[in-house]
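Chains as they are written, first to last, in the numbering used here: chain A, 24 to 390; chain B, 24 to 390; chain C, 24 to 390; chain D, 24 to 390.
I should point out that these hints are in silico values taken from the structure, not numbers from a laboratory. Everything numeric in this text was worked out from a predicted model, so none of it was measured. One should not assume that every hint holds.
It does not matter which identical chain is meant; a pair holds if it fits inside one copy or across any two.
[To be verified] Derived pair list, reagent style BS3-like, types lysine-lysine, alpha-carbon separation capped at 27 Å:
# : residue 1 : residue 2
1 : Lys34     : Lys166
2 : Lys203    : Lys348
3 : Lys59     : Lys28
4 : Lys348    : Lys268
5 : Lys152    : Lys26
6 : Lys40     : Lys203
7 : Lys268    : Lys134
8 : Lys268    : Lys34
9 : Lys134    : Lys348
4 protein chains.
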Amino acid sequence: MCKIKAAVMDKVNGEIKIEIKEFPEPALEAGAVMLKTIYSEICGTDVHLSHGQLAEVPYPIIPGHINVGIIEKISRTVCDVEGNPFQVGDMVTFLDVHETCNNCWYCLVAKATTRCPNRKVYGITYSVKDGLLGGWSQKIYLKPGVKIIKLPSNLPPIDFIAGGCGAPTALHAVERATIKLDDTVIVQGSGAVGLNAAIFSMLSGASQVIVVDPSSKRLEMAKQLGVDYTIDASSGGERIAEALKLTNGRGADVTIEASGNPKAVSEGMNMTRDNGTYVIVGQYTDAGDVSINPHWQINKKHLDIRGTWGIDYSHLYKTIRLMAKHRERFGWHRFVSKIYSLDEVETALNDVENLQVMKAVIAPNGD
Amino acid sequence: MCKIKAAVMDKVNGEIKIEIKEFPEPALEAGAVMLKTIYSEICGTDVHLSHGQLAEVPYPIIPGHINVGIIEKISRTVCDVEGNPFQVGDMVTFLDVHETCNNCWYCLVAKATTRCPNRKVYGITYSVKDGLLGGWSQKIYLKPGVKIIKLPSNLPPIDFIAGGCGAPTALHAVERATIKLDDTVIVQGSGAVGLNAAIFSMLSGASQVIVVDPSSKRLEMAKQLGVDYTIDASSGGERIAEALKLTNGRGADVTIEASGNPKAVSEGMNMTRDNGTYVIVGQYTDAGDVSINPHWQINKKHLDIRGTWGIDYSHLYKTIRLMAKHRERFGWHRFVSKIYSLDEVETALNDVENLQVMKAVIAPNGD
Amino acid sequence: MCKIKAAVMDKVNGEIKIEIKEFPEPALEAGAVMLKTIYSEICGTDVHLSHGQLAEVPYPIIPGHINVGIIEKISRTVCDVEGNPFQVGDMVTFLDVHETCNNCWYCLVAKATTRCPNRKVYGITYSVKDGLLGGWSQKIYLKPGVKIIKLPSNLPPIDFIAGGCGAPTALHAVERATIKLDDTVIVQGSGAVGLNAAIFSMLSGASQVIVVDPSSKRLEMAKQLGVDYTIDASSGGERIAEALKLTNGRGADVTIEASGNPKAVSEGMNMTRDNGTYVIVGQYTDAGDVSINPHWQINKKHLDIRGTWGIDYSHLYKTIRLMAKHRERFGWHRFVSKIYSLDEVETALNDVENLQVMKAVIAPNGD
Amino acid sequence: MCKIKAAVMDKVNGEIKIEIKEFPEPALEAGAVMLKTIYSEICGTDVHLSHGQLAEVPYPIIPGHINVGIIEKISRTVCDVEGNPFQVGDMVTFLDVHETCNNCWYCLVAKATTRCPNRKVYGITYSVKDGLLGGWSQKIYLKPGVKIIKLPSNLPPIDFIAGGCGAPTALHAVERATIKLDDTVIVQGSGAVGLNAAIFSMLSGASQVIVVDPSSKRLEMAKQLGVDYTIDASSGGERIAEALKLTNGRGADVTIEASGNPKAVSEGMNMTRDNGTYVIVGQYTDAGDVSINPHWQINKKHLDIRGTWGIDYSHLYKTIRLMAKHRERFGWHRFVSKIYSLDEVETALNDVENLQVMKAVIAPNGD
């Protein structure tokens, strides 16, 4: 392959446009790895990027933050966390978050690495001028220090990409939720984060998992995954009543917001029992304000609320192991509605935005 | 004493009125204790009661939930948690919260006893028909099972009542805050809960304690207690800027809301650092809604928010021990602006409502 | 039924003997409930009782602490934690731990109710002089305040008793272990506590559960339950090597000791990874000392060790719900090797002691 | 200065010997910093090094892990965690632990960085062949990435070095202890770790801090620091009785082992209350085994035991801030018994070993 094709998203006169461009194969610096892309995903964040709704994005960029590919070249020995060297031909993914600095107050004192001000994210905060640093490209350049993970042989790439960025994000949310055996869990929203949060809640030993969403198709998928109940979110105010009815009138022990709708935040508090835990993970972009009553909804409720931002290496590492172990039970590949070529990324973005698909996957080198 | 005088708060045709009434001395059932009241307090809750702003209050009531008195009669041996029997003449206080049932789902499964639906509170949820169950009375009837604590000899009753209900409530809030050595803590509000929260934050090893309040008199008291900085809350929008300036631009590790103002909730989130902890304890009554942005203020902030309701025995027990140990350092008695007689309770309520006093104390048998 | 038969364990001249005695039907005090016993269990504790190895047992006693029965009489309305009144004919169990006082320092300040010095246990610390307070009896007298739970219709009594006291004890241990998704868990011992600990570890989302035991029959049962690996404890020193081999040379994230053998404690530390968690729950009686090296095994390992004593209501409540939900997957009834009549308790004790049976069940009114 | 003098500890034919050697001034690689040493310390670890008791030490080495010095040269801009660049002339210290890899399973998945197998420690695990990487030297070479902290102007270097490595180690132990307001804390041992653990326990709001040690001189120092009680450890078996007497017969809420004596571990368990917390931090080297009874001392006690290994950046950072804030109250400089020149290190080692001094400090360039 002489030239590498990639979909470049640019902002010209305030308008976002996407164009397929060709790039020469870059040389590898010491510690770098070149990946031939097998799959990248298109998620809600990419839709936001295509509307210029994220702050401080260095357009033009190559989107695609969660990716899977085959190692084509290695500059020198590069090892995984167990000390095993990667080989050309390995099927791998990598943590999109890079350059968490391990040198600032947030990394070293607060130990809140997802709030490190120096972190960079492949497919989002790197410019195309920085290199092939996004997955909507035939090849991806893994800079020295990028944290690479080999897919286990029993986790096909299509299952992994079907989980996408939603899976490790959901794992982080469930970690924050500290679900205990026999808990009742309500998940608001059944997109990629919501469905995976429901899966990880079931795996955590919740006795009852309830998913709330307006899409009957997605609720159907939730049921196939094995959740105990679904609540049709198009039912308006009765959603809360229904949630309470399913939980002895108390609300859930744990509620996980994965909807992206600010109003869900007030509703979720009311769906959670007194002294329960409410995890907010779906408000990835600024979709507006919400009015709450701090007396009834937080103070008197003795409620715990936990915002959840980003992921670190451990979330991706554990997600992959859990997906491999439970692949047959949950069949993640079913989330993938359609696989698009590089030329179809705009169609794919439209399909995601219009909820035509559950999970849109891009195969830059063909499927 | 033939007759017992008490201030009875009644609701007649929707109007609250207070009258001094006389009651005969009741007989003691087995396990009950009769207290001669030394001090009771008037706190913000009593002001709310005097406006009929609390739900489900069984008027007529005898207000006064935190009290200190001398044991006058004991029906039979009654012991403290160490197994030491109380004696006639002991100077004691008692947990206002009674009948936490130890039998319901919240008590036994969730272990969230302050949310037990069966709990009763002296001075608030008992009617005068139930007996002398409030502190604005010359005597207080301690029902069997009421949890009594002897004041240590080095904690004079005036210091204890000066802390009032604010002290154990603040202890509970600080417990929820899980302050670590060297943390920076912001306390919003410097009423009884706020000042005690500042005290307990200092005792927890916070390196920097900052108090925000509009009253210069209360901020002066905060400074005398030893807080590191005060922020004049009347300074408007610059409060947040000032808080950030004092905290390296990051905000506090822990913020404790003790203001009662719903708007403080949004502001407090902005005064807290990413992945910090925000404890909400001041929203004791419904003072309205507040608008927040869940993306910026919770999700991206990776914030922990913890509502705090009520107290249990441990909070009162530890508060008393801590007050005794640190009495000289903090001099709680200075919080007491004025001691009122039973006949002056209406004046006292007005003074509290108009912020004329920091802590109003009632001495039903004279001081 | 005119007379009630019960197996009474007595200590005569230092010798323990068991005799079937007849008792008249007692009258019910207010709040009491009379149970017709369906099943009681014989566990390791009963073997210790039969050897006089427990301290402060008020012989003569009626053993049998975990029991299931049908309500025969109710003195007056008695409700469960949800406020639902029990009915004659209900199939129920009850928490053997009674009279946790909710009045002492451990209950109220430390909130460590299983260390309450006033707690009593049915079948162990009540004398036959106190009444029919053990399950090796045709009827059991439930004193006022005993915490009763109705078995769900989808949990047959034989499955419940098969879990026995081991199931809620294991739940408590797993709660102390704070297992996280993807953790590796080693369980030492595969008696009732060990097997249930393995089950609850799997339900908690452990990716790898390893059981260590010298009995091939029990390891076979562990495999049928779905554990990932078993280690034959009769393999001597190689046990540790095998455990390390299965865990990337690091040891388990969590190890749960459920063996009763003091030497297992040292071994379990070595099977746990640095900064892992080691829960000790199997040392229910004093079986001797063990030598450890605090430098290598605790300090340098940065290890967390957590002793686990007894159960409270929440453990029994959640165990029942979890058993009902997962009954088909784990088929607890398979643990029951044999059902004995009251007359056969001595045989049953022998069979338990000689490891002839996995779980011995007594049916005092016939099966 | 043409030549740099350093004390080199070597192992020749199995014998440890110390010699003062001269080294040329090394060139600085990019990111490196050269320090002129003001003070280094001699701690118990150095005594162990001088007996060859630590495993895998790459003799010859330059000992001295905790140091304070003045920046003499900076290769290029080097910043602290707040992003402030260091200047020539700054009085600084640095984290002795270097090269925690942020790339291995322990760093990234377990987040147990003090157990990272790749970490190196100045003064212990670097050979003199690697450079001037220890504090018993007129200059110290800070490799790129070494985490440097400027001493606040209100923390004189003598106070900082007086805390030495014991202070951040104690902070780590106290962090593991999760002391709550009003807790009772027993500290076993009053060396540098023990005394600082007592200080940090007091700062954490413990109501009662008790120190156990055989040295009356050190107990005297503990009293001067403000601890509530001391127990003379030379009193033999009565130590435990005394500890129980001081704690209502229950034992401490938290006990911190900082003695280095394996037998203290068994004793400390008995000094801790049921469901209390026992932190083991003093077993830094292998001083032998200890026999414990897992039934009485862990299982039935429902005890939490927490080993504590090493420190990370946060512990040093917070220690310095806390020392600066509380310098007047605790007067750390009083711990320093004597300041030695480089030529006197052997005397200093002897004095430390024979407990002639509390804290021995070395001033390689004169005091």
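Original post:
Which numbered hints turn out to be false for this structure?
Top reply: Numbers 6 and 8 - these are the hints that the structure violates, sorted from lowest upward.
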